[in-house]
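First to last, the sequence lines map onto chains A and B.
For the first sequence, my numbering gives the first residue as 309, with consecutive numbering after it.
For the second sequence, my numbering gives the first residue as 8, with consecutive numbering after it.
The hints are simulated quantities; they were obtained by calculation from the structure and are not laboratory data.
Honestly, I wouldn't trust all of these hints.
In silico lysine-lysine, BS3-like type, Cα no more than 30 Å apart, as pairs [as the list claims (entries may be wrong)]: (1) A:K376 <-> B:K26; (2) B:K92 <-> B:K26; (3) B:K187 <-> B:K96; (4) B:K92 <-> B:K187; (5) A:K383 <-> B:K26; (6) A:K346 <-> B:K117; (7) B:K92 <-> A:K383; (8) A:K383 <-> B:K187; (9) B:K187 <-> B:K26; (10) A:K376 <-> B:K92; (11) B:K143 <-> B:K187; (12) A:K376 <-> B:K96; (13) A:K346 <-> B:K96; (14) B:K187 <-> A:K376; (15) B:K187 <-> B:K117; (16) B:K92 <-> B:K117.
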Amino acid sequence: MKVERQEGMETHTVSYRTYIFVWVALLALLGITIAAAKYYYSTYSVLINLLIASIKAFLVLIFFMHLKYEGRFLKGLVFLTIGILTSIIALTFSDVWFR
Amino acid sequence: MDELTHTSTSEHRDYVGAKLGMWLFLFTEILLFGVMFLVYSAYRDVNSSEFHEAGREMNVTMGAVNTIILLSSSLTMALSISAIKNGAKTRSILLQITTIILGTVFLVNKYVEWSDHIRHGLYPGSPDLLSMGHGKILFFGLYYVMTGIHGLHVLIGIIVIAFTAVFTFRGVVNSENFSKLENTGLYWHFVDIVWIYLFPLFYLIT
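Please work from the sequences and hints to get the whole structure.
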């Protein structure tokens, strides 16, 4: 069934190379996070590991999930959702920490 | 625009709408897993030393291998979409099948891990676990629930990708019409992101 190219249908196809580079970066970050936990454990380890995990998630979001190539509306919605979750977590901790 | 009078091969498709629909669903999933992470964080804050100790039961190598598996499966899924957009049908199908295989290996690993823990008496409600500290009980409760629900999502993803592979084979999914595959990919990447956070929080806290 032939369908006309619709408005919004990105004609941009991400190259295999880009995906493979992202994958290598993700594996490298995985190595860093494990090394950080095993050999450089400190009070900041949780924060560092969460930060690295967030970078990995960001890479998956931007490249694998195509967010880099999407319009502002969708990017805005994703940002909003993450913002809402962050607010929920922050508000909860503003309570947990003072009990 | 008189698509309604066409009786031939026109079909109403909404590429943007379909993609947006999947994203909206993923937002609900972000909140679902997000609040579970919140529960974990709150209890860990209150029981940090017991969580730290409980984390020692986790096998970091298994967790790392599973992370590599899921990251690679995200790669093969993304590649399969570029492939079908380039018209490389067979390659796309092979990549989707690889994604399914990787996902299945992940689940098998999870089964092995869970079996091991259960054999050591570490399961919700077990007498061994209940005799331990409050923090440890919470850690394992969260572990089983969170990895369990995540595993369920992996299983669902595998089944859906099996469908998209068949659709691709039949030509329903093709270089002009690939929403089904693309949106399934979005779901699969999300499941990968959840694991990206699960791994450090359960396996790297010692």
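A quick look at each hint next to the structure:
For the given pair, K376 of chain A sits about 15 Å from K26 of chain B by alpha-carbon distance, which is consistent with the 30 Å threshold. Straight-line distance between C-alpha atoms of K92 of chain B and K26 of chain B comes to about 16 Å, which keeps the hinted pair within the 30 Å bound. Among the hinted pairs, K187 of chain B with K96 of chain B is consistent with the structure: their alpha-carbon atoms are about 15 Å apart, no more than 30 Å. Using a Cα cut-off of 30 Å, the hinted pair K92 of chain B and K187 of chain B holds, with the two alpha carbons roughly 13 Å apart.
For a cut-off of 30 Å, the pair hint linking K383 of chain A to K26 of chain B stands: about 13 Å separates their Cα positions. Only pairs whose Cα atoms come within 30 Å are accepted, and K346 of chain A paired with K117 of chain B is accepted, the gap being roughly 22 Å. The hinted pair formed by K92 of chain B and K383 of chain A meets the criterion: a straight-line CA distance of about 23 Å does not exceed 30 Å. For the given pair, K383 of chain A sits about 21 Å from K187 of chain B by alpha-carbon distance, which is consistent with the 30 Å threshold.
About 9 Å separates the Cα atoms of K187 of chain B and K26 of chain B, which keeps this hinted pair within 30 Å; it holds. About 18 Å separates the Cα atoms of K376 of chain A and K92 of chain B, which keeps this hinted pair within 30 Å; it holds. Restraint check: the Cα-Cα separation between K143 of chain B and K187 of chain B comes to about 42 Å, which exceeds 30 Å; the hinted pair is violated. For the hint pairing K376 of chain A with K96 of chain B, the CA-to-CA distance comes to about 25 Å; that is within 30 Å, so the pair holds.
For the hint linking K346 of chain A to K96 of chain B, the alpha-carbon distance of about 43 Å lies beyond 30 Å, and the restraint is violated. For a cut-off of 30 Å, the pair hint linking K187 of chain B to K376 of chain A stands: about 20 Å separates their Cα positions. The hinted pair formed by K187 of chain B and K117 of chain B meets the criterion: a straight-line CA distance of about 28 Å does not exceed 30 Å. Annotation: proposed proximity of K92 of chain B to K117 of chain B is violated, straight-line Cα distance about 33 Å (limit 30 Å).
Of the hints listed earlier, those the structure fails to meet are numbers 11, 13, 16, in rising order.
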